[in-house]
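**Q** These are the residues of each chain, in order.
Number of protein chains: 2
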Amino acid sequence: MTTKAAQFDRLPDEALTLGKQLCFAVYSAAHAFNRAYKPLLDRFGLTYPQYLVLLALWQQDEMTVKRIGEEIGLDSGTLSPLLKRLEAAGYVGRQRDPGDERQVIVSLTAKGRDLKTEAFGILADIGKASGCSLEEAGEIRETLHQLTRQLSSGESES
Amino acid sequence: MTTKAAQFDRLPDEALTLGKQLCFAVYSAAHAFNRAYKPLLDRFGLTYPQYLVLLALWQQDEMTVKRIGEEIGLDSGTLSPLLKRLEAAGYVGRQRDPGDERQVIVSLTAKGRDLKTEAFGILADIGKASGCSLEEAGEIRETLHQLTRQLSSGESES
DNA sequence: CAAAATTAATTTGCGTGCAATTTAATTTTG
DNA sequence: CAAAATTAAATTGCACGCAAATTAATTTTG
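Protein sequence lines, in the order shown, are assigned to chains A and B.
The letter at position 50 of the first sequence is residue 50 when you use UniProt numbering, and the numbering goes up by one with no holes.
The letter at position 64 of the second sequence is residue 64 when you use UniProt numbering, and the numbering goes up by one with no holes.
Be aware that a few hints might be false.
[Said to hold, decoys possible] Keeping only pairs whose Cα atoms sit at most 20 Å apart, straight-line, the calculated SDA-like set for lysine to any residue is: (1) LYS84(B) - VAL65(B); (2) LYS66(B) - PRO81(B); (3) LYS20(A) - GLU142(B); (4) LYS111(A) - ASP61(A); (5) LYS20(A) - PRO81(B); (6) LYS20(A) - GLU135(B); (7) LYS116(A) - PHE24(B); (8) LYS38(B) - GLN150(A); (9) LYS20(A) - ASN34(B); (10) LYS128(A) - ARG149(B); (11) LYS128(B) - GLU70(B); (12) LYS38(A) - HIS31(B); (13) LYS38(B) - ARG149(B); (14) LYS38(A) - SER153(B); (15) LYS128(A) - LYS111(A); (16) LYS128(A) - GLN146(B); (17) LYS20(A) - LYS84(B).
[Stated by the list, open to error] Here are the computed distance ranges between Cβ atoms for each label pair: (18) GLY45(B) - ALA110(A): 12 to 20 Å; (19) PRO49(B) - PRO49(A): 16 to 24 Å; (20) SER107(A) - GLY90(B): 45 to 53 Å.
[To be verified] Here chain B is said to cover these stretches of chain A; the calculated rule only asks that three of the stretch's residues, wherever they fall, bring their Cβ under 8 Å from a Cβ of chain B: (21) 26–37; (22) 124–131.
Calculated directly from the structure, the hints in this document are not laboratory data.
Quick caveat, the model's predicted, so the values are computed rather than measured.
Idealized CB from N, CA, C, for every residue including glycine.
With these hints in hand, go ahead and build the complete structure from the sequences.
**A** In structure tokens form, the structure reads like this:
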């Protein structure tokens, strides 16, 4: 098989199709997940990124805003208002770290911890709705991780 | 602090892991694509969904708002303001269909058609940045399409 | 044919997502 | 030690994305 670069040079039409279909497939799949999640999360008054934050906290309580952002890939500009909503809903508390007043430590309230029992299972529902076996899911996850890494690695250029 | 975490250990672990990993992988991949696209589209002052609309129009000019929405999976609530921005940027025109005044027909301006020559290649750049062969890309696309279909099919339930 | 139902866009409201700026606290340094 | 640089959150501005309400036009119907 020829190199990938040579393939692209020789098949511009297919490269175009490739880019279009790949991007759009990921774009559509993300929307499909969003729509699948929404009715399940609505019962708890949660959005998907809010649920991601809770998943992270159920795994490891008491994290700074920055740490949470690293876990789920969001910056403070998105997280600050989101965390305020989670706080207003009574699921988390926010307090300045006495040791470093720049940092805010986010922790689960009793209500937030209790929610785990009810809401953690949403993941299982989505798993079922996806119609995948554990093996298939693992492959898809790995493939997408590699794709994500590959795309992220070329970010510095412009 | 590790008071009572043990009570959750008997949930269906496989389905949980599956759901979590699948969702997050797709979520992350979509963001990675967004970040990869952004610098390429910024040169034209376009966002990704705006680019999707132009891709659709380059393939088939003169579509109604509803038709465009069906092509790229967005509703009029998202498209109306987006199309106004594309119009303000001079890429498209919008006019009521004389035959049915409810409908608005979106068409490329000369500037919008000219953009195709410059901007269509962005897809190929992303194709390269993805580091995938045509075969791999095709497999990923098919897998995600199936996943999307599967997730969408269960929407009517509640 | 006129009232009711349907349809296509628009508008409104809310929650992301991200870039850029601001504020406050901590480190670095000169 | 004080000024400068760095860091963590919060804030601001803009553009989705979607649900719900609104407006205007067309079909259906009684």
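**Q** Within 20 Å, alpha carbon to alpha carbon, are LYS20(A) and GLU135(B)?
**A** 14 Å, holds
**Q** Examine the stretch 26–37 of chain A for residues whose CB is less than 8 Å from any CB of chain B, and state whether their number is three or more.
**A** holds (count 11)
**Q** Check whether the Cα positions of LYS84(B) and VAL65(B) lie no farther apart than 20 Å.
**A** 11 Å, holds
**Q** Within 45 to 53 Å or not, the Cβ separation of SER107(A) and GLY90(B)?
**A** Holds, at about 51 Å.
**Q** Would you check the hint for LYS20(A) and GLU142(B), treating anything up to 20 Å between C-alpha atoms as holding?
**A** Holds - the C-alpha atoms of GLU142(B) and LYS20(A) are around 13 Å apart, at most 20 Å.
**Q** The hint says 12 to 20 Å between GLY45(B) and ALA110(A); measuring C-beta to C-beta, is that right?
**A** The hinted range 12 to 20 Å is violated for GLY45(B) and ALA110(A), with Cβ atoms some 49 Å apart.
**Q** Tell me if the straight-line CA distance from LYS116(A) to PHE24(B) falls inside 20 Å.
**A** 18 Å, holds
**Q** Hint check: LYS128(A) vs GLN146(B), CA-CA at most 20 Å. Holds or violated?
**A** 14 Å, holds
**Q** Hinted pair, alpha-carbon criterion (20 Å max): LYS20(A), ASN34(B). Please report holds or violated.
**A** 13 Å, holds
**Q** Tell me if the straight-line CA distance from LYS38(B) to GLN150(A) falls inside 20 Å.
**A** Between LYS38(B) and GLN150(A) the Cα gap is close to 16 Å, so the pair holds against 20 Å.
**Q** What's the verdict on LYS66(B) and PRO81(B), does the C-alpha distance respect the 20 Å limit or exceed it?
**A** Cα-Cα ~14 Å, so holds.
**Q** I want to verify a distance hint. Is the separation of the beta carbons of PRO49(B) and PRO49(A) within 16 to 24 Å?
**A** Hint holds: Cβ distance 19 Å, inside 16 to 24 Å.
In summary, the numbered hints that this structure violates are 5, 11, 13, 15, 17, 18.
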